[in-house]
Amino acid sequence: MKVESRTPDPTWRDTLAEITSSGSALGIGALILALLAGSLMIAFTNAGVRTAASYFFARPGDTFAALGRAMVGAYSQLLRGSIFNWQATTFTGQITPLMNTLANAAPLIVAGLGVALAFKAGLFNIGGRGQMIMGAIASGWLAIALTNRAPLWVSLPLCVIAGAAAGALWGALAGWLKAAMGAHEVISTIMLNFVAFYLLQFLLGTRGLLQRPGTSNPITLPTAGSAFPHLFGSTFPVRWSLILAFAMVAYCWWLLNRSVLGFHFRAVGENARAARVAGINVARNTIGVMALSGALCGLAGVFQVLGVILTGFTDGIDAGIGFDAITVALLGAASPIGVLLAGLLFGAFKAGGGNMQAGEGIPIEIVTVIQSLIVLFIAAPPLVRKVFHFPDPRKVANARLERQAAGLSASQGGTGLDLMPGVPQPPEVFLAPVSPLQEGASHIIDQIGDN
Amino acid sequence: MSIYLASITDPPELDLSAAEEPIELRVIARRDYKAPLVMAALTALLMILLLANPRGGETRFGVTTGNDLLRNVPVLTPNAMTLGWIAIAIMVFLTALAFWFSYTYKRQWLWIIGLFALAAMSTFLAWAGAGAAGTINLVPLIGNALLLAIPLVFGALGGVIGERAGVVNIAIEAELLMAAFTATVVGSVTRSPVLGLLAAAIAGLMVAAILAVFAINYRVEQVIVGVVLNVLITGVTTFLFNGWLQPNAMTLNNTLAVRFSQVPIPFLSQIPLIGPALFNQNILVYLMIFAVAAVWFALNRTRWGLRLRAVGEHPKAADTVGIRVNRTRWIALLIAGAIVGIGGASYTLVANGAFNREMTNGFGYIALAAVIFGNWDPIRAAFAALLFGFAISLQTVLSIIGSPVPSSFMLMLPYMVTLLAVAGLVGKSRAPAASGTAYVVEDH
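Quick note, the sequences are listed as chains W and U, same order. In this text, residue positions in the first sequence follow this note's numbering: the first is 1, and each later residue adds one. In this text, residue positions in the second sequence follow this note's numbering: the first is 1001, and each later residue adds one.
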């Protein structure tokens, strides 16, 4: 049993291969690729670069200098806006960007959890926007109604519950349409997004409903009366909603990994047919998981109304978070911890992107572009590996086995373990870490069944 | 368990055994009352609307714009409630027919649903236009429906081709948006609508190529690539719109004078009602009618179409007889992308004179719904898309004459109709068997 110690030490080359074939290297590779693509877009819209490029062949150096200025300007603004502002004179000013990041992350995390939860049950909820809007309507309305009428410890929980319930209703509607009527959730949720949006527009445009009395502007009264209290003092925008978001991460982790309900969700997601045979009510779980998913997205709407925009909200209250949630969930591989990290990252992008827009005039949509590119690259590991010349994990695993086999045969004089290179190899998983939809599997079973 | 049991306890067995031979062939059929029930519910809703909120007076319907055979026919002014109740009687009859079809295990036919939708819209039109001073002119109503349906029809055609080849194309929205954007830039710079259209087709093709790389080569879940592509292209176009088009709006985003103009076809455009709507249109509408026929022919009557459908139904079998599955899918997706791109051009080369952020407004998803509603058949999908176009046209007409329904609810209409269509009215539909699954080529 001294086999281990006799295995030859891996060379630095082997170690490097191990690192670069791992998942985190892929993530970083995808991030670099996406940032490069983003840089191209920044360069394209930068006036200085365009001017210099018009006389590129006369003085090519100017173009590269302009390019460099644009990049340094853009990415330093991104960093200064999201993590640490080294130009600020006070400590408060220096960490304000980090606080902005945390504040942005809270709604992204809960909405991302919602989408991720549906993924686990094999459902693609792109109705985050509609569910957020419904949550915002319910909690906003209650918050306005309770202003100066109830203490915070009464009104805040009520508003949170109302918002989550409204989102749950909107999500459950899509779940019911899927379970009972067979409507594909991708289409029904996106249609419900528009229905919710125009409903909010109607409420904001009609006197006596959500519209601020005395104006004809589509904006509500302030909701500050029931807002989440500040977490680190009133200088920073971080509120207790962040703690609630963390609690939801823990709850979802428990739900998916330790509860019967979560097990049922996952069983339905892995293989609905097998789940049904095992006695799991697929229809009820479909509706249930969509309700929970909708509740979490509704909560994101609550976070917006009671944590971010307190001076009265308009029909842009969702701020694109409903769609960002999809990329957050995909990047987080639909796991609660992954969603937490992805939410923090995208919160940083959002904070930095706002700073880039203010400082360099770069449209904030660059953030959406970079986010979706990251997800695309993450979903296709072979592409990232090809670009960076990362080794294939199968080959790395083989090499490791061969090393071990060599060590063994050296110590024991070649005892039939030469077969080691042929041991089962980890399959090339293209969807990893993103493989939430397992419909492919049931498709194959369908085909077998039909034959 | 309950669902599974429900599906086998209800149906009786049709005995198809021949007279002499005691061979028993059993066919399990199921009565599906979903569509008739939804129709009944809609009829009841409209009845309640008419009973609870009756509106007196007449609804003014125009039937001509003055340059067809009906040019001398005056404005029709039927009593609104009478017309409404006649339409409701038709709806009741169609609902009963649908129940009977379900009872006798017949498939729900699209024409019943189409007629029902028309009757329902007539009821609503009669009610909403009652007593209004404005005239609801049916000619522009139909003509606009056709115009608004351009991106939907082209989008649905692209969706049908993709799905028949085994690739779910959720990225129709992205293709439409990218095409609209490219059409406006190329059209504005070159001042040529034809070049703009070509560029739009190429833009649609490029987006399709990205989809193909990820869905076919890297085998990423197709629905996910599609949605992420939609988000990506929304981001890219909005970014370029804010950072590039807006500052140079006059030179880069100005197709007002470049747009396709109307080309009336002699004689045909004189046909009452549909003549001006169908045959006094721009090139894109004619192209659309041609494309529907061409796609149907290509899919059902050519070798290419047969191979494409084989790849979508049973890729392994297709592979076995020597059809290169992934190559066929690639080509299908590229062609589909170019077709969708032509539809996307209509946003900036027909409807508007400029690009605006997120101007496709979820129409790519409505086109996808038309694919399902049309049962993956190009002609039916095109009709389904026209139905959605009609709902959108209705909304514009009613907002012009001033309807009692708040405008926000009218704007909701196309999405509600789509929701209703995919949820309630789709009968037994069957997607191509291999749609949505990547094909793994085995090493030989």
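What the hints contain is simulated information worked out from the structure, not anything from laboratory work. Cβ atoms here follow ideal geometry from the backbone N, Cα and C, with glycine treated the same way. There's no promise every hint is true.
As the list claims (entries may be wrong) - Coverage of chain W stretches by chain U, computed from C-beta distances (three or more under 8 Å per stretch; other residues unrestricted):
1) 140-154
2) 188-194
3) 390-403
What the hints assert, rightly or not - Pulled a few chain U residues facing chain W out of the computed Cβ check, cut under 8 Å:
4) M1121
5) F1214
6) M1412
Stated by the list, open to error - Which chain U residues stay away from chain W? Per the calculated CB distances, all over 12 Å, these:
7) P1054
8) A1096
9) Y1103
10) S1122
11) I1170
12) F1239
13) L1240
14) W1244
15) Q1270
16) A1293
17) G1322
18) G1364
19) F1373
Quiz item: Which of the listed hints are broken here?
Solution: Violated: hints 1, 3, 4, 11, 12, 13, 14, 18 and 19.
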